Amino acid sequence: MKKLGRIFADGFYFKNPGLGLFIGLTLSVLATSTLFNAVVIGIITAIALVISEFFISIFRKHLDYFVAALIAGLLAAGTSTVASLLLAAYYPTIGLAGYSDFTNTLLINIIPFTSCSFIYLSKAKHALNMNPGEALVDSIASGLGFIFALALIGVIREILASGELVFTFSNNVQGYVHLWDFCLPIFGQPFGGLLVTALLAGLHQCIDNRLAENRVKVIVKE
Amino acid sequence: MEFLTGFLTSLFAHNLLLMGKGVNAIVSLSVDGKKSHKYVLVYYFLTALILGFAAYGLSFAEKVFSDIKYFYILILVGVLVFISLIFYAITIPMKKAHQALKDECIGIILSTATFAVALAILTLTQEQASLPLILANIIGLPLGYVFSILVFRPITERIAISNAPKGFKGGPLILITSCLIVLAFSALSF
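Protein chains in written order, with the working numbering: chain A, 1 to 222; chain B, 223 to 412.
Since the hints were made in silico from the structure, they are not lab data.
As the structure is a computational prediction, the values presented were derived from the model and not from experiment.
All C-beta atoms in this analysis are idealised placements derived from N, C-alpha and C, irrespective of residue type, glycine included.
Hints are supplied without guarantee of correctness; some may be wrong.
Unchecked claim - With a straight-line Cα cutoff of 30 Å, these simulated DSSO-like cross-link-like pairs (lysine-lysine) come out:
| hint | chain 1 | residue 1 | chain 2 | residue 2 |
| --- | --- | --- | --- | --- |
| 1 | B | LYS391 | A | LYS221 |
| 2 | A | LYS217 | B | LYS388 |
| 3 | B | LYS391 | A | LYS61 |
| 4 | A | LYS61 | A | LYS3 |
| 5 | A | LYS221 | A | LYS61 |
| 6 | B | LYS391 | A | LYS217 |
| 7 | A | LYS217 | A | LYS2 |
| 8 | A | LYS61 | A | LYS217 |
| 9 | A | LYS221 | A | LYS2 |
Claimed, not checked - What follows is a set of in silico ranges between Cβ atoms, one per label pair, in the way DEER data are often shown:
| hint | chain 1 | residue 1 | chain 2 | residue 2 | range |
| --- | --- | --- | --- | --- | --- |
| 10 | A | ILE207 | B | ILE377 | 25 to 33 Å |
| 11 | B | LEU372 | A | GLU213 | 32 to 40 Å |
| 12 | B | SER384 | A | ALA212 | 21 to 29 Å |
| 13 | B | THR227 | A | PRO132 | 48 to 56 Å |
| 14 | B | ALA409 | A | LEU4 | 45 to 53 Å |
| 15 | B | PRO376 | A | GLN174 | 21 to 29 Å |
| 16 | B | ALA386 | A | PHE182 | 39 to 47 Å |
| 17 | B | SER384 | A | LEU203 | 13 to 21 Å |
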């Protein structure tokens with residue numbers, strides 16, 4: 001149980017895919033122009049990650065590193081295709097900054113994320129050594145951590161870019177909170193995504209360093 | 223003239239880095255600033271070459287199978303597998319000492335190739351896309367990506383030896399650099 005807790009903490013915070021490991025940066029830059037986009041795409045990515053990692057861990061004894069990475073990519077492609085078709089049916093207005101065809105971009109951006117995260121995990125001797133239960137906990141934690149990171153970036157960017165937060169409840173029903181008239185539209189562009197991601201990642205690294213220092217102090221005292 | 227305009231546009235205005243794509247590969251390569259391995263530059267060009275092939279394959283397949291709905295999904299997966307296998311074949315002769323670099327390169331190709339495919343689809347499915355424009359994109363996109371990496375490389379090497387705040391060393395500082403480069407590139411988009 002303690003081991004699973006550690007795996008969850010690692011996946012959610014210490015090895016957060018978005019802010020700690022810099023995986024899925026394209027999504028962090030392109031998909032976070034609004035909070036709604038960020039959350040929806042984060043959820044789809046998390047589902048793709050859970051499915052691919054769980055599947056790979058079941059067959060881990062029969063797969064080598066390269067084949068596993070390819071299978072992870074294909075599974076992510078399948079998952080995101082289904083998700084993009086569902087979104088196109090129920091939320092046709094959703095879109096990424098600068099692109100009209102949402103499904104194309106969504107489909108193409110989730111594959112590298114899952115592949116890269118799996119590659120990282122393989123490097124760390126994780127994914128191919130985990131049993132399905134551990135892989136499930138790890139992938140759920142990583143997925144939740146990624147959703148959290150995307151949502152955080154999305155909130156900051158949307159507020160800075162437009163001065164308001166828009167909540168989409170359904171295709172026709174929207175609510176919004178107007179905060180101020182001041183707005184910086186450049187934060188809706190890739191520049192803003194990179195800057196906000198960099199600052200949040202720096203903050204994450206600072207907190208990590210401080211925690212590590214405190215841990216060392218405790219060990220020295222003991 | 224159309225070719226030249228398309229080429230310059232894909233080199234600067236549609237640069238993958240400027241569009242927010244390919245950042246992953248650049249950051250993962252640049253976090254370790256001391257890695258001035260000769261193979262790295264070769265891999266940049268190999269990646270660029272494969273990106274060109276991917277774009278060409280897509281342009282061909284998109285024209286042949288344009289009537290089938292959602293066919294681009296199959297094309298995408300096919301191209302991804304195809305270029306990954308080609309790239310894997312290229313990396314087989316590498317010695318065991320370069321295993322880490324080899325693994326890294328598979329990551330690069332899986333990410334950058336799909337970015338190129340994304341952009342190629344977006345460009346080639348435009349109704350008015352003509353042959354010179356397509357050719358300009360095939361040549362311009364990889365060159366633009368290599369160009370942005372070459373611009374990026376010396377900056378990150380200097381960052382690695384700089385006296386930066388401890389919390390921002392590594393990834394965050396590289397991201398800030400890349401956002402400044404994006405800002406500079408956006409001045410070149412015309």
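Consistency of the hints with the structure:
1. LYS391(B) x LYS221(A): The hint holds at about 29 Å.
2. LYS217(A) x LYS388(B): Distance of about 18 Å is within 30 Å: holds.
3. LYS391(B) x LYS61(A): Violated. LYS391(B) to LYS61(A) sits at ~38 Å, over the 30 Å cutoff.
4. LYS61(A) x LYS3(A): Answer holds: LYS61(A) to LYS3(A) is near 22 Å, not above 30 Å.
5. LYS221(A) x LYS61(A): 44 Å, violated
6. LYS391(B) x LYS217(A): 23 Å, holds
7. LYS217(A) x LYS2(A): It holds: about 23 Å lies between the C-alpha atoms, which stays within 30 Å.
8. LYS61(A) x LYS217(A): 41 Å, violated
9. LYS221(A) x LYS2(A): 24 Å, holds
10. ILE207(A) x ILE377(B): 25 to 33 Å: Holds, since ILE207(A) and ILE377(B) (Cβ atoms, about 27 Å apart) stay within the stated range.
11. LEU372(B) x GLU213(A): 32 to 40 Å: With Cβ atoms ~38 Å apart, the hint holds.
12. SER384(B) x ALA212(A): 21 to 29 Å: The hint (21 to 29 Å, Cβ to Cβ) holds, given that SER384(B) and ALA212(A) are roughly 22 Å apart.
13. THR227(B) x PRO132(A): 48 to 56 Å: At 54 Å between Cβs, range holds.
14. ALA409(B) x LEU4(A): 45 to 53 Å: Given a distance of about 50 Å, which is inside 45 to 53 Å, the answer is holds.
15. PRO376(B) x GLN174(A): 21 to 29 Å: 47 Å, violated
16. ALA386(B) x PHE182(A): 39 to 47 Å: 30 Å Cβ-Cβ, so the 39 to 47 Å window is violated.
17. SER384(B) x LEU203(A): 13 to 21 Å: 20 Å, holds
Figure legend: structure checked against the earlier numbered hints; hints not met, in rising order: 3, 5, 8, 15, 16.
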